[in-house]
Each structure stands twice: as structure tokens, then as C-alpha cells.
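Peer 1: Sequence:
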Amino acid sequence: MEFAQKHQQIADNFAPISLDRLAQTLALTAENAPLASINFTITGDTKRFRQPSLHLRINSRLPVICQRCLEEMFVDIALKFDYLLSNSQAENYEDNDEIDWLEINAEMDVRELIEDELLLALPIAPVHEAGCSKHSMQSGEKPNPFAVLKSLKRLK
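Residue numbers (the numbering used here): 1 to 156.
If you're looking for bench data, these hints aren't it; they were derived computationally from the structure.
Do not rely on the hints blindly, as some may be mistaken.
What follows is a set of in silico ranges between Cβ atoms, one per label pair, in the way DEER data are often shown [claimed, not checked]:
1. Glu103 / Val75: 24 to 32 Å
2. Arg111 / Ala30: 19 to 27 Å
3. Ile17 / Glu107: 19 to 27 Å
4. Glu129 / Glu107: 17 to 25 Å
5. Thr43 / Cys132: 17 to 25 Å
6. Ser151 / Ile124: 42 to 50 Å
7. Ala30 / Asn87: 26 to 34 Å
8. Val75 / Ile10: 52 to 60 Å
Quick list of in silico lysine-lysine cross-link-like pairs, DSSO-like style, CA-CA up to 30 Å [to be verified]:
9. Lys47 / Lys6
10. Lys80 / Lys6
11. Lys153 / Lys142
12. Lys47 / Lys80
Virtual Cβ for every residue (Gly too), placed ideally from N, Cα, C.
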């Protein structure tokens, strides 16, 4: 609450491997781990919604497995969230899907919040945008199984 009232801001980055639940869902290897990153900015505010709130911005680059070719690929995820800080759910903003609320705690684990949001934002079945490099299926013209019947019709 004090963080929001003082309009403080934290900007930081860390490796996805430091988040246990997220790391289990990613395709982290010794080679790609240095390329994976999570950058975030969290800002406290009291003016925008006329009550204490947090604004969270996340930019991440995470390794996953393409479900089409089973090769490693990276997904870039950019997220923005507004959270109202309250002892109970904010009724004034109940119908607003763009605003979430967080129960006030003396201390809050920002990494856990970021991990939760990234887990929800990960694609269920990630695939390469421009097609996969190998193991891609080629569609060709297949013979019509009724072509034989067509030739029988001509004989009569």
C-alpha cells in the first residue's frame, strides 16, 4: 500500500529459470537459457483510479517447443496489467475486465505475480509463425477413389 501511495517504481529483469513453476513448462537448455529473459516494471499510483493501484508491465522472451515440428523456438510475450489494492474486491470496478484487484498484504512477492501472469499467457500449443523448417507435411494431389467408377460408366 505504501508503495502505491508514494508512487514508487521498480524496473528489473531476471532469468525464467529462477521461477520454478514457469521453468518446468519451458524448454530451457544450457544453450538457450542465457537468451531467455523476463523484464518488468511495476509502478504504484493513487490518481488514476482514485485509490491505491499497481501497474505491471512484463516483456519476456521464453523458449518453448513448437507443437508442429517439435523444435525449440522462442515466444515473445508482452503484458500490461492494472491492479487495484483493496481489503476486499472493489465493487466499483467489478464489471471492468481490464482491472484486477489484489488483496493488500504487508509484503507482496512480485516474482510470484509475474510467474502467475506468464503461466496464464503462455500459448497452449505454440507453433512457428512462418511454418516449420523440417518435418513439415506437404499436401499433394491424391488420386480420387471414385475414378474407377467413372471409367466403368463409360463402358456401358
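Peer 1: Run every hint past the structure and note whether it holds.
Peer 2: So, going through the hints one by one against the coordinates:
no., hint, verdict
1, Glu103 / Val75: 24 to 32 Å, "holds, 30 Å"
2, Arg111 / Ala30: 19 to 27 Å, "holds, 23 Å"
3, Ile17 / Glu107: 19 to 27 Å, "holds, 24 Å"
4, Glu129 / Glu107: 17 to 25 Å, "violated, 40 Å"
5, Thr43 / Cys132: 17 to 25 Å, "violated, 40 Å"
6, Ser151 / Ile124: 42 to 50 Å, "holds, 47 Å"
7, Ala30 / Asn87: 26 to 34 Å, "violated, 46 Å"
8, Val75 / Ile10: 52 to 60 Å, "violated, 25 Å"
9, Lys47 / Lys6, "holds, 11 Å"
10, Lys80 / Lys6, "holds, 21 Å"
11, Lys153 / Lys142, "holds, 21 Å"
12, Lys47 / Lys80, "holds, 18 Å"
Figure legend: structure checked against the earlier numbered hints; hints not met, in rising order: 4, 5, 7 and 8.
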